[in-house]
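*Asks:* Make the full structure from the sequences, and use the hints.
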Amino acid sequence: MSATKMGAPSAARRGVLHGWSFLVDGMAALGTVLIGVLMAVICADVVARNLMGASLPLVSEFGALLLVMIVYLQLATTLRHDRMPRSDFLLIALDKALPLPGRIIRGVFDLVTALSLGVIAWSTLGILSKDLSAGAFIGVTGVATVPVWPFRAIILAAMTVACIQALLQAATGTEKNEGEPVE
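If you read the sequence shown in my numbering, its first letter stands for residue 9, the second for the next number, and so on.
Because the hints were derived from the structure by calculation, they are not lab data. Ideal placement from N, C-alpha and C gives every residue a C-beta, glycine not left out. It is possible that part of the hints are untrue.
[Unchecked claim] Just the calculated beta-carbon pair ranges, DEER-fashion:
#, residue 1, residue 2, range
1, 154, 103, 45 to 55 Å
2, 150, 90, 42 to 52 Å
3, 72, 98, 55 to 65 Å
4, 140, 51, 24 to 34 Å
5, 145, 59, 48 to 58 Å
6, 153, 56, 17 to 27 Å
7, 72, 113, 28 to 38 Å
8, 113, 63, 44 to 54 Å
*Replies:* Now the structure itself:
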């Protein structure tokens, strides 16, 4: 085989990893924008309470769903950049003394994480299905209502991406997913 043909899978892999990184970090960026939206909604509600003496409709329900969406949208990038809060001082010491067992233990942690996220995504799929079939909404009929399924669909997509990210880390190691692929 020529050098060009041997380099093609590497270039394709780099392209896929770059696209994946863009998706994962893009979801986190969307979560960050939604933090601004949530802040604006809360501020608008405070202003409405002070000026009109009444709360805006849907603020608490919308805020609760938005907050859950934000957390799940930013979960995959938190995993990708190895920023999950944990107490891993023993793993750090193990990595320095015996790197292979340390990588194996981290791989097991990543597999357990992927399994947990997969279970949550699967249960979210059931909830989304129920919401779609029942036509579920939040709010007060006649005042303001919003369908719930778009929120659930975004949460399901974010959980699925986070699950795939954890599987990728289990297969390749965290440090390979940190930044751009090394040539």
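*Asks:* It remains to establish, for every hint, whether it holds in the given structure.
*Replies:* To see whether the hints hold, each was checked on the structure:
no., hint, in the structure
1, 154 - 103: 45 to 55 Å, "47 Å, holds"
2, 150 - 90: 42 to 52 Å, "49 Å, holds"
3, 72 - 98: 55 to 65 Å, "37 Å, violated"
4, 140 - 51: 24 to 34 Å, "33 Å, holds"
5, 145 - 59: 48 to 58 Å, "28 Å, violated"
6, 153 - 56: 17 to 27 Å, "19 Å, holds"
7, 72 - 113: 28 to 38 Å, "36 Å, holds"
8, 113 - 63: 44 to 54 Å, "49 Å, holds"
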